[in-house]
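Participant: With the hints as constraints, model all of the structure from the sequences given.
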Amino acid sequence: MYSFGKTGTHSKTPARLTRPEFGYLFAPPPADEWVCLDLEMTGLNPKTDHILSLGAVKISRTHGTFSIDTANALSIICKPPIMPATDTIVIHGLRPMDVADGVSYDEMLAQLLPFLGARPIVGFYTQMDLAFLNALAKPFLGAALPNAAIDVSLLDQKLRKQQNRNPDAPIDRRHLHEMLKTERIPALPAHDSLNDALMTAMLFCQLQHELQAS
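For what it's worth, UniProt numbering labels the leading residue of the sequence shown as 1, then goes sequentially.
Quick caveat, the hints were computed from the structure, so don't treat them as lab data. One should not assume that every hint holds.
[Said to hold, decoys possible] Okay, derived cross-link-like pairs now, DMTMM-like style, lysine to aspartate or glutamate, Cα gap no bigger than 25 Å in a straight line: (1) Lys79 with Glu107; (2) Lys47 with Asp32; (3) Lys161 with Glu183; (4) Lys181 with Glu210; (5) Lys161 with Glu210; (6) Lys79 with Asp192; (7) Lys161 with Asp172; (8) Lys12 with Asp32; (9) Lys138 with Asp168; (10) Lys58 with Asp106; (11) Lys158 with Asp168; (12) Lys12 with Asp49; (13) Lys58 with Glu33; (14) Lys158 with Asp98; (15) Lys58 with Asp168; (16) Lys58 with Glu107; (17) Lys12 with Asp151; (18) Lys47 with Asp98; (19) Lys58 with Glu210; (20) Lys138 with Asp172; (21) Lys158 with Asp32; (22) Lys138 with Glu107; (23) Lys58 with Glu21; (24) Lys181 with Asp192; (25) Lys47 with Asp192; (26) Lys138 with Asp106; (27) Lys158 with Glu33; (28) Lys12 with Asp106; (29) Lys47 with Glu107; (30) Lys79 with Asp49; (31) Lys47 with Asp101.
Facilitator: Structure representation (structure tokens):
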């Protein structure tokens, strides 16, 4: 585990839920627990593009100390309905042969949803990842995921506003790798959703620590 020194919503279970065994998703979120999630997709449009891989790690805070559970991380390669075009390999690093033996989206959700539980989801531009997941979750569950979303780029923006002597000055959102460099978090190999989830989780812990200290 990585440790660093010293947010969630609750929805009622919808009546239209078609898989009641996943009703725990709608329970109150556990205190001081999160899941950091990253997806690799064929593109940026959840209506026309597809998820290729998923990486996720759990984060917890005990007595003010953040920990990332790397020993029980989730890493899944999916088999999309359409194989990725070869010219997109430079973006996600996955070849058709890499995803040909991947799991179905239903199997991916069957593994991911218990991992998530009711925990808030941490990520970089989380709304994009949730748009892709909900395109699958809605027909699978009968409802969208109720988990709260925490975007590290917004945490970074909040921290820099607090540190800025001019609180009215505009603060732009930064790219993940720019934030990692600023916080001196090591860069892991690219084109790997689990590596991105780990780096984002470390960034989340560091930003939360600095926000608490500021």
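Participant: For every hint, state whether the structure bears it out.
Facilitator: How the hints compare with the structure:
1. For a cut-off of 25 Å, the pair hint linking Lys79 to Glu107 stands: about 10 Å separates their Cα positions.
2. Of the pairs offered as hints, the one joining Lys47 and Asp32 is violated, with about 34 Å between alpha carbons and a cut-off of 25 Å exceeded.
3. A hinted pair counts as satisfied when its Cα atoms are at most 25 Å apart, and Lys161 with Glu183 qualifies at roughly 16 Å.
4. At most 25 Å may separate the alpha-carbon atoms for a hinted pair to count; Lys181 and Glu210 meet this at roughly 15 Å.
5. Only pairs whose Cα atoms come within 25 Å are accepted, and Lys161 paired with Glu210 is accepted, the gap being roughly 12 Å.
6. For the proposed pair Lys79 and Asp192, the alpha carbon gap of about 16 Å is at most 25 Å, so the pair holds.
7. Between Lys161 and Asp172 the alpha-carbon distance is near 10 Å, which keeps this suggested pair within the 25 Å criterion.
8. Between the alpha carbons of Lys12 and Asp32 the distance comes to roughly 21 Å, so the proposed pair stays at or under 25 Å and holds.
9. A threshold of 25 Å between alpha carbons decides the hint, and for Lys138 with Asp168 the separation of about 40 Å lies outside it, so the pair is violated.
10. With a CA separation close to 21 Å, the supplied pair Lys58 and Asp106 stays within the 25 Å bound.
11. A distance of roughly 12 Å separates the Cα atoms of Lys158 and Asp168; the hinted pair therefore holds under the 25 Å criterion.
12. For the hint pairing Lys12 with Asp49, the CA-to-CA distance comes to about 31 Å; that exceeds 25 Å, so the pair is violated.
13. With a CA separation close to 7 Å, the supplied pair Lys58 and Glu33 stays within the 25 Å bound.
14. At most 25 Å may separate the alpha-carbon atoms for a hinted pair to count; Lys158 and Asp98 exceed this at roughly 39 Å.
15. Proximity of Lys58 to Asp168 is assessed by CA-CA distance (about 35 Å); at most 25 Å being required, the pair is judged violated.
16. Taken as a hint, the Lys58 and Glu107 pair is honoured in the structure, with Cα atoms around 20 Å apart against an allowance of 25 Å.
17. Simply put, Lys12 and Asp151 have alpha-carbon atoms about 24 Å apart, close enough for the 25 Å limit, and the pair holds.
18. For the suggested pair Lys47 and Asp98, the alpha carbons sit about 23 Å apart, so the restraint of at most 25 Å is met.
19. With a C-alpha separation of about 20 Å, the suggested pairing of Lys58 with Glu210 holds against the 25 Å cut-off.
20. For the hint linking Lys138 to Asp172, the alpha-carbon distance of about 33 Å lies beyond 25 Å, and the restraint is violated.
21. A distance of roughly 20 Å separates the Cα atoms of Lys158 and Asp32; the hinted pair therefore holds under the 25 Å criterion.
22. As the CA atoms of Lys138 and Glu107 are separated by approximately 15 Å, the hinted pair is consistent with the 25 Å bound.
23. Proximity of Lys58 to Glu21 is assessed by CA-CA distance (about 22 Å); at most 25 Å being required, the pair is judged to hold.
24. The straight-line distance between the Cα atoms of Lys181 and Asp192 is roughly 18 Å, inside the 25 Å bound, and the hint therefore holds.
25. Under the criterion of a C-alpha separation no larger than 25 Å, the hint pairing Lys47 with Asp192 is consistent with the structure, at around 23 Å.
26. For the given pair, Lys138 sits about 11 Å from Asp106 by alpha-carbon distance, which is consistent with the 25 Å threshold.
27. For the suggested pair Lys158 and Glu33, the alpha carbons sit about 21 Å apart, so the restraint of at most 25 Å is met.
28. Restraint check: the Cα-Cα separation between Lys12 and Asp106 comes to about 23 Å, which is no more than 25 Å; the hinted pair holds.
29. For the given pair, Lys47 sits about 20 Å from Glu107 by alpha-carbon distance, which is consistent with the 25 Å threshold.
30. For the hint linking Lys79 to Asp49, the alpha-carbon distance of about 13 Å falls within 25 Å, and the restraint holds.
31. For the proposed pair Lys47 and Asp101, the alpha carbon gap of about 23 Å is at most 25 Å, so the pair holds.
In this structure, the hints that do not hold are numbers 2, 9, 12, 14, 15, 20, in rising order.
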